[in-house]
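Which chain is which? The protein sequence lines are L and B, in order. If you read the first sequence in the working numbering, its first letter stands for residue 1, the second for the next number, and so on. If you read the second sequence in the working numbering, its first letter stands for residue 1, the second for the next number, and so on.
With a Cα cut of at most 25 Å, we get these calculated DSS-like pairs of lysine-lysine:
# : chain 1 : residue 1 : chain 2 : residue 2
1 : L       : Lys430    : B       : Lys208
2 : B       : Lys78     : L       : Lys37
3 : B       : Lys193    : L       : Lys244
Calculated from the structure, these hints are not laboratory results.
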Amino acid sequence: MIGDDLIARILREGERRADEVEVFYARGTSVSAEIKKGILGTAEESEAWSMAIRTVRDGRIGSSSTGDPDRWKECLEAALASGRLATPQQWGGFPKPAEMAGTASSSDPDIVVAIEDAAGMVDALLAGAAEHPVEVVGGSADLARSYIAVANTNGVAYGMDRTVAAVSLEAIREQSTGYEFDASPFRADIDARSVGEEAAALAARSLGGSEVATGRYDVVLSPVAAASILGQVILPALSGRNVKAGRSFLADKVGEQVFDETLSVYDDPFAPGLGSTAWDAEGTPTRRLVFVEQGVLRRFAYDLKTGYRYGEGSTGSAVRSGGDTPGIGFHNLFIDGPRVKEPGDERAVWIHDVVGAHTANPFSGDFSVEISNPFWIEGGDLVEPIRTAMFAGNAFEMLRAIGGLGNDARHVGRLTIPSIRLNNQQIIGK
Amino acid sequence: MADVRYYDVRSVRGEVTQIDIDNGVVESAGTSFFDKTVIRVLGPRGWGILTRDHVDIDDRRELDGLVAAAARLAAVTKDAISLADAPRGVLAVPPLGEDPRDVDLEEKTRLLAGIEAAARIEGVANTRARYTEGIDAVRFRDSSENEYSFEAVRSGFSVLAIASKNGVMQMGSERDHITTGFNLRDKQGLGRKAGEVAVSLLDAKLPKGGAQRAILDPELAGVFTHEAVGHASEGDLVREGASVLGGKIGEEIGCRGLVIVDDPSLHEFGFIPVDAEGVAVQRTEIIRDGILRSFLHNRETLAAVGDGIPGHARAEHGAPPIVRMSNTFIENGDASYDELLAECRDGILLIGSRGGQVDPGRGIFQFNAEYGYIVRGGETTDMVRDVSLSGEILSTLHNITLIGDDRRMSPGYCGKGGQSVPVSDGAPHLLLEGAVIGGRGE
Chain L
1 MIGDDLIARI LREGERRADE VEVFYARGTS VSAEIKKGIL GTAEESEAWS MAIRTVRDGR
61 IGSSSTGDPD RWKECLEAAL ASGRLATPQQ WGGFPKPAEM AGTASSSDPD IVVAIEDAAG
121 MVDALLAGAA EHPVEVVGGS ADLARSYIAV ANTNGVAYGM DRTVAAVSLE AIREQSTGYE
181 FDASPFRADI DARSVGEEAA ALAARSLGGS EVATGRYDVV LSPVAAASIL GQVILPALSG
241 RNVKAGRSFL ADKVGEQVFD ETLSVYDDPF APGLGSTAWD AEGTPTRRLV FVEQGVLRRF
301 AYDLKTGYRY GEGSTGSAVR SGGDTPGIGF HNLFIDGPRV KEPGDERAVW IHDVVGAHTA
361 NPFSGDFSVE ISNPFWIEGG DLVEPIRTAM FAGNAFEMLR AIGGLGNDAR HVGRLTIPSI
421 RLNNQQIIGK
Chain B
1 MADVRYYDVR SVRGEVTQID IDNGVVESAG TSFFDKTVIR VLGPRGWGIL TRDHVDIDDR
61 RELDGLVAAA ARLAAVTKDA ISLADAPRGV LAVPPLGEDP RDVDLEEKTR LLAGIEAAAR
121 IEGVANTRAR YTEGIDAVRF RDSSENEYSF EAVRSGFSVL AIASKNGVMQ MGSERDHITT
181 GFNLRDKQGL GRKAGEVAVS LLDAKLPKGG AQRAILDPEL AGVFTHEAVG HASEGDLVRE
241 GASVLGGKIG EEIGCRGLVI VDDPSLHEFG FIPVDAEGVA VQRTEIIRDG ILRSFLHNRE
301 TLAAVGDGIP GHARAEHGAP PIVRMSNTFI ENGDASYDEL LAECRDGILL IGSRGGQVDP
361 GRGIFQFNAE YGYIVRGGET TDMVRDVSLS GEILSTLHNI TLIGDDRRMS PGYCGKGGQS
421 VPVSDGAPHL LLEGAVIGGR GE
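If we strip away everything but chain B, and leave its shape as in the complex, we get (with noise of 0.2 Å):
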């Protein structure tokens, strides 16, 4: 096959496990099973990729024939790419602590009717809560003879508070997602959170918006880095012009001290043993003390774009590979939590996260907080509610004034080009000046 330069296959066989419980009932628990393997050829120019079920790659003329359909796709293609060597290595994965495989369904099914009833306190209306087990028997293979297989065994939940009164209707939420073992033991104050949170909402006043002082917690300065700055530094988007990082490598374009790193082999819920394209994952350090320092790449971005380290190309399955992020994180500086609540005299205390949004080209992000209260002389006073904070990639990192010294990660998915996969993102507690803050209060 003259006209294939490289190819890959990749096959994920797995089973999901959901359980559904709503207001004490059992919607759903049970277990579906997948087996979906991408083919991916390079041809002359560009790639041909084929996605098919249930697939037996050591069929050799199987995946021949597969090989030979997706260089004729990969003939079509104008767009002339190289892959640029890298490192190669498998990590081990992480033990488990416990094996979600040897806890049956029904008792699974009893800890998170616990957790879901924790969150139903007084004042609450609805409560629901959701288990998710993945089980992924994960199997690589290229044309460099390079080979690999390996499981990934995810575990977690999430469960939601709805708190309701005099027609006004308020949320907590809470998640916690593991790929060291069973996650469902204990975790009855995560749901009793839930609920005092939706709770407390429902008194809770609008926040003004505009541009003011603001602290950011660390699951929500977690979102603000992977939004802010994890996807403009993905090398994809750099190498189509869609980021408004490309060409800035070597310049200033944060505080003095702050570090943002990306780092696929922290055994966090964003952990891969090797990436998708068989490439050594590593820490990648994408801000050193404020300058851009690395761009996230897979083989094709390294080579048409340089300036960065491979080993971040993820892959939901049944999907081609694209350059992701997996933990991302501001290091930790010197301030502590007082210390940045009496700089900050008078703003705005934001926690939680209900997700956020960039688009890299323009440079624009927004992300939003679960709850807030407003800051004066120091101290946190009234609680607030539905407030976003929007930002410009280029300047917002400047306005990072102090950095805490207590990071914390949390578990979460991030969507991208239709495909989720799962991460982590932490920072410490922040202090950021001007702050735009898109509240609708008077």
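Next up, chain L with everything else stripped away, as it sits in the complex (with noise of 0.2 Å):
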């Protein structure tokens, strides 16, 4: 596989003509078992290798990637074009080699990249829906390995693997529908058949819901819903890109009660988790970061470029997938607090997930959506199925006081989350 002798050329070849060149490599194979109709439809396997170059001279930061391993000249030229227009900010050097302030696992020895394994896999999640009277309807089992590298002119020259274990299924039953998934870099976290009838469950327990008429009502957000709007409007909001730019509601807010005091926002990239990592994207060691404290905002993430530009130093959370340039972004971001009270004792409305978080306005942190299997909920039990309903509101003003935090935590992508229970919020019913 061409790898690190590429790198150490194109760092070669690059410093000639660039005060400091950095480059970023990650090559993974993986393979997809999809379900259609019910049985094992589709089965894929991808293998993909990308190289991303950055130059910097002068202050000014240029770019390019590729994956085509024969046109690295080409991709190296177009960083330095790229660098030419760029405009000129202040510049500290790429990282030096450092101790790192932790370690950090995000790979399996035990994933196998098989079709065949993510094949028992769908088996699993079937068996598991079969358990109420649905169809599936869709679904599928992913196992991935990759590697990923990042080396720089000043000694840096980091690699990790990781791997990935993902499922979900789509059910339905008449037009009540339920979609469930879960994802890790450990093989033995994902219980494929559990997935499989939760999803399955959502669908025939959705079935003949009421209507619920417009008004206000307590409701609860699973960790699903919570993190669809909340991943769309709070976390840009803490990126020091769109602090520094005026596109951050908490800009100009830290030391401010920003939140119910019970919720605390932190990215630990040391625990297991999908993002885990004890060097970011850019090659910078990195750290436990408190965002959020007991409702207080602390601070804000940094990359390499935000940082210097702003007299501020990374934090330590680039991101980059594939050949993108680097972004500000989190390893494993919790939102946490004490489960003083059990959402859900009082009659609300619960909310599994929701259709159109994307539309919510990330600046101002209004949205309003339409909800999927909610329920009515009491004394923790969801007790009757609602049929449709909207709900619209604004996610930084209803965390200012929130009804309390669940017990049922879990995994949604790169965020750890509970389910919130907020009081008097709007429900438009139709």
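Got two chains here, each in a separate frame; can you build the complex from them with the hints?
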């Protein structure tokens, strides 16, 4: 496999023409067994290779990427050309080799990227779904292994393995649908049978819901619904780039009580999860970052470019996928707090998921979405399905005073989040 | 290879040029390269699909090895697939007005900076503009000796303005993408419009939630068409039992006079000269005079479901083809905009789109307007913001009471199955009865 030799060659070649050079390299293999109409319909295998080059000269950052090793020279030329157009900025250099603040593992030696193993997970998904009277319309089991590396002309040369096991299933009964999913670096974390069972249960139990009248109700957002809305609105507001550009509602609020005093938001790159890593996508050592502590805003996230530009320093928060240029993100983000009150004791509208979260206004926090699999919840039990409704609110306002967090935190992508009870929210019936 | 009933190979080699200008700072401006190939084999039952970087599809031995590997994948599948015969043919790609490759990166950056600067009017706190250009060289070959190649050129931009006052932040955004040449010249007007919308939204009100009469502008009505009808008519969803439109061919699902079309052959942003399985593309009338007539199909879903037209298979580079929309629209009716306003009397006028989403199995969709105006006595009055609409596929098309005569198409990107493809959608102004507005105003 083309890799280390080519990286060294690009760094050598690039250094003659720029102050500094960085190469980000990724290769991976994945398999996917897809369910069509309740049986294994399609088997896929993918091999991907990508190399991204960044050059810096007099504070001008250039970048390019290629999926074709034979075009590396063109790619280096394109990076240098791109640097000539970039606006120069304060720049303190790519990282030098450093001690890591902790260790992180996001690779499972037991994961074999073989279609037969994925097919076995599909069997388990389908066996779980068969426990309820539903049709399975789709779903998949995926296994992936990748290697990513970052190297620069200051001597950094880090590499790590990543693995992912992921399953999902979508079921339908008449006009009632249910979707569930899970993903982890570790095969043993994935219980395909229960994911299948839960998706089917949602479809089966949501059938025949009653109407709800427009008005104000207490609402319980499941971890999935909470992740959808908060992911669209709260997370971008913590990015240092958005803060400095005047695109964050939270800018200028460091030290203020912005959320309910029970809520904390932190990134723990050393916790086991899909984003676990000891160094970020630019080779900066990662660290545990507390953004919101008991409701008080503490800090924002930065990568090298934004950090240098505004004199803040990188927080080790650079993330990137494939050939994209790095951006500010999170490794394993937690929305957490004491589970003082069990959400759902008193009657409320429980919302499993929302339709259209991406249409929320990320700057003001306003959203109005259609809700999926809503139920009346009483004493912690889903007692009666609701047919359909919309939910409108403001994500920043609604977190200022919450009704409590559930004991049901789960991973939703790189986010770990419990259910959240919110009092007096606007529900629009049909 | 006895276990190979059919195979095809599709490779896309290309370049992507992107420029990102944020508050006057050129954050990045550059070109990247990719070369992706997807090999599909239909085995005794279902598909085995391989994705690789950098395959020489003229190298017979390399290709044979990949077909054999895909056949081994196909062996684990259980779903019995058959492929319908479909007409072949490749349309000419529209001629380029100005080839974006003839414009250097420096000039592109300067033009984009002009659009971004135009958005920076008084009251605007942040502006951002992004240019995206894609040059794709597509090659296709299958085991039935069909072969084609073409080049797709796309050029366009988006511009965002954020206005800020007393801790309130509002945004305005505009975009324009074409497949017919370079698209950055004389576009400062769109930058200015983004700035003006952002500033005027600072004083807009929150709409009251609930059912009311609504006029949708052509852009929003296009998104409505895409979400409310387009996805649910996709043959793969119908086949899988995931669409409420399954089994409804011949039924009246909309008002009289309503015609909804998906047409990949139009020279709009969703244009394709041939589909991703080598099938000829053609205009497909999904709904004619309110009656459901055709599903959108690929060869596989046409064989399984019937009642529709193939040529709707599309793929992002490096991903297998799936059934997709291309240019989706409602045909013009005969009502003028003034007639719509007069007929609406009291309701809401909704303009622009921040996107939408549909659950086609449940038959429920949601989409969001950029802004709107309260209509009172047939006149537009107060501006409103953050307003969503939701509806049910099987009833909502009956609620269209007037169809305008001013159809306009808007370009965008549509996501499905993890793949994003260029599309356009559009409609004339529409008047909807009993539209459910998701506002939180009191």
